[in-house]
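First to last, the sequence lines map onto chains W and U.
Per my numbering, the very first residue in the first sequence carries number -2; after that it's consecutive.
Per my numbering, the very first residue in the second sequence carries number 3; after that it's consecutive.
Among these hints, one or two may not hold up.
Claimed, not checked - Pair ranges (Cβ atoms, derived):
(1) W:K507 - U:I177: 34 to 40 Å
(2) U:A113 - W:K546: 40 to 46 Å
(3) W:G347 - U:G137: 52 to 58 Å
(4) W:K539 - U:A113: 30 to 36 Å
(5) U:I177 - W:R57: 31 to 37 Å
(6) W:G347 - U:I177: 51 to 57 Å
(7) W:M404 - U:A116: 29 to 35 Å
(8) W:M382 - U:Q87: 41 to 47 Å
(9) W:R487 - U:I177: 42 to 48 Å
(10) U:L115 - W:D103: 55 to 61 Å
(11) U:V103 - W:Y403: 19 to 25 Å
(12) U:Q87 - W:T334: 15 to 21 Å
These are calculated hints, taken from the structure and not from any lab test.
Ideal Cβ placement from N, Cα and C applies to all residues, glycine included.
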Amino acid sequence: MTISYTMSENQLLLLGDEALALGALDAGLSGVYAYPGTPSTEITEFIQNRKGYKGRGQDRTCGEPPVHCNWSSNEKTAMEEALGASYAGKRALVCMKHVGMNVCADPFMGSAMTGANGGLVVAACDDPSMHSSQNEQDSRFYADFAMIPCMEPSSQQETYEAARAAFDLSEQFGIPVLMRLTTRMAHSRANVTPREPRGQNELHFPPEGKARQWVTLPVNARVRYPQLIKDNEAFEKAAEESPFNRYVDGGDKSFGIIACGIAYNYLMDNYPDGCPFPVLKISQYPLPKNLVYRLAAECKTILVVEEGQPVVESALRGTFPSGITVKGRLDGTLPRTGELSPDCVRTATGLPARPERPASQITVPRPPALCQGCGHRDFFTALNMALEPYPGARVYGDIGCYTLGYMPPFKALHTCVEMGASITMAIGSSLSGGYPMVAVIGDSTFTHSGMTGLLDAVNEKADITVCISDNETTAMTGGQDSAGTGKIERICMALGVEPEHVRTIIPLPKNYDEMCSTIREELDYHGVSVIVSRRECIQTAKRHAAAKK
Amino acid sequence: MKEDIILAGVGGQGILSIATVIGNAAVKQDLNLKQAEVHGMSQRGGDVQSHLRLSTGPISSDLIPKGAGDLIVSLEPLEALRYLQWLSPDGWIITNVTPFVNIPHYPGQDAILAELRKTGRVIALDADAIAREAGSPRSSNMALLGATAAVLDILDADKLRDGIRAVFARKGEAIVQANIKAFDAGLEFARKSHE
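I would like the entire structure built from these sequences, with the hints used as guidance.
The structure is reproduced here in structure tokens:
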């Protein structure tokens, strides 16, 4: 859900995601390219919510001057489209959740080699504590891996400012810039004061001297790579001089603190009158080594406070002379997993814990569940009925609301790994002798990463039954357009599934018997079948009904 | 001056509307605000919470430290109990008493209320009934906000009413009035109950 922001004079109340979006718009953005994913979705939605956007199929831009804002099929296509926009000289923003970086890793790594022409910013929103994710991977590793600059703002205002700074860095050095947000920045609202917007870039392709690097043949890449390595000295110097990184001296040198991104807030919350220890605040990478050396010259112990994985801490361990101790997540000073809190940072700095009430002993967990009336519920009920006589059956799940089919009362799924793995894992298990092998995938996940797997299934003549639980939207993230709406059966047939084995059912309690027999007929067919179980998401259906009133 | 509020409820109950009204009123008073929300999977009927921090000075952390919350405002009694560790020793709990039962083994309502009362300063109201009696059955969250206004220091009731007007303006005057009626009924209940 997106709530329109409140305005008082020149102050807005914005989510970190929205601050990034507005910062990018005000920096002269020409297009946002993204696939929805918590906690990144609101970046693109903020841009779509500007006036005039009607939705895909009717429109592809919004606002004046127009900014592209349609959803892409997945993070890889989004990254490539944005790279194309950058090649054409325009400023482009790519947005995704952290695991989207895995999907677009190929063009992302490639973009460090091609460089950027128009400003190119890649926003990756990490989800430590896995509020709505399958892992805690830290996107700063990707920036380091690709050898590009990375920004990690610590407040919503700084996020707004960082968007423009990132586009400027990108254009100054001709390199994409990674913008790393974490859940508590992406989904926390605070006051933001915007500044004067600037215009978009004109269409301009790379000049003669920069044209070669866009063709990454070995003969060109071998020239480009040493240049990228050399450019990293300039990236580091920029980080050293960046207003986003700050060295604040403190009188107590018993230890020094490196606080990255949002971790800086948790630190300062415990020292409202100023921190007594020297603090190096980091919001721009590569890590400015000279500032770190300065801290190490002052303090024999360094505490690294960072949200996510111990990226900076790992880099520092072992690089200092033996007299210096590095503390953080790796030595247990801070928890190894999960997001930071003002409380754990407090303990790490040696302050006594605040008195707190004991937790209530009578509370019970309230896990998320599929909505009452959701079509996935009826599909899982019918699937479980159909599979009753097949004790060897395995059901390969995928990413979306329907992953909750794993939970009671359905207990219908055996696996869930990443976007698209349902179909391909079912193929692998079927080729290994399992029967019946069933894949369950949503419509948006199918067009994101399931179609190529289905082509494999057809080419392998695999004995699998693919169930596409189609609710005609990307529901988990709040009901965004789904790339395959109205095209699912045609896509399956075009990929080579026999038309008589592309079946459509309507998931409703009154249809259980019919659904069950359709599923069984396809389980008994020893080839590739697709069952499309289609009923609109009840959340979007409610919204559509309310809009009609 | 600062005030830290934990907003709690079940995904879909509408805690974000409460946050939006408070946020709207706060920004108009030039207060600083940070509000950490929960989006994504938890919104599917799971427990949801929002950390809302208001201050005349700067606010560092987006999250409220444990033991530092001034208020827990909950649309559901079990959810009010879930965040006791965040409540300061003299903090208030303002909670709806109508249970939202979508899980097995939901604790007995009497046990929940007994545990809530043990915490000290509690305003427990049937926000659903109060909103219904005020003729605004869909505005129980605003009845809860009204009860909150009885103990909230940093924003007074008039500022919150302005917030309701601003947030619901585009839905028409009838909706604005329905929400204000529920708000006022909640406020009156709370004032009477802790007189």
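Each hint tested on the structure:
A hinted range of 34 to 40 Å for the beta carbons of K507 of chain W and I177 of chain U is consistent with their spacing of about 36 Å. Here the CB-CB span from A113 of chain U to K546 of chain W is close to 42 Å, well matched to the stated 40 to 46 Å. At about 56 Å, the beta-carbon gap between G347 of chain W and G137 of chain U stays in the expected band of 52 to 58 Å. Take K539 of chain W and A113 of chain U: their Cβ atoms lie about 34 Å apart, and the range 30 to 36 Å holds.
In this structure, I177 of chain U and R57 of chain W meet the distance hint of 31 to 37 Å, their C-beta atoms being roughly 34 Å apart. At about 52 Å, the CB distance of G347 of chain W to I177 of chain U agrees with the hint of 51 to 57 Å. Judged by the Cβ atoms, the range 29 to 35 Å given for M404 of chain W and A116 of chain U holds: they are separated by roughly 30 Å. Remark: the range hint 41 to 47 Å for M382 of chain W to Q87 of chain U is upheld by a beta-carbon distance near 44 Å.
A hinted range of 42 to 48 Å for the beta carbons of R487 of chain W and I177 of chain U is consistent with their spacing of about 43 Å. Distance hint for L115 of chain U and D103 of chain W: a CB-CB separation of about 57 Å, consistent with the stated range 55 to 61 Å. Taking the beta carbon of each, V103 of chain U and Y403 of chain W are about 22 Å apart, inside 19 to 25 Å as hinted. Between Q87 of chain U and T334 of chain W the beta carbon distance is about 19 Å. The supplied range of 15 to 21 Å therefore holds.
In this structure, every one of the numbered hints holds.
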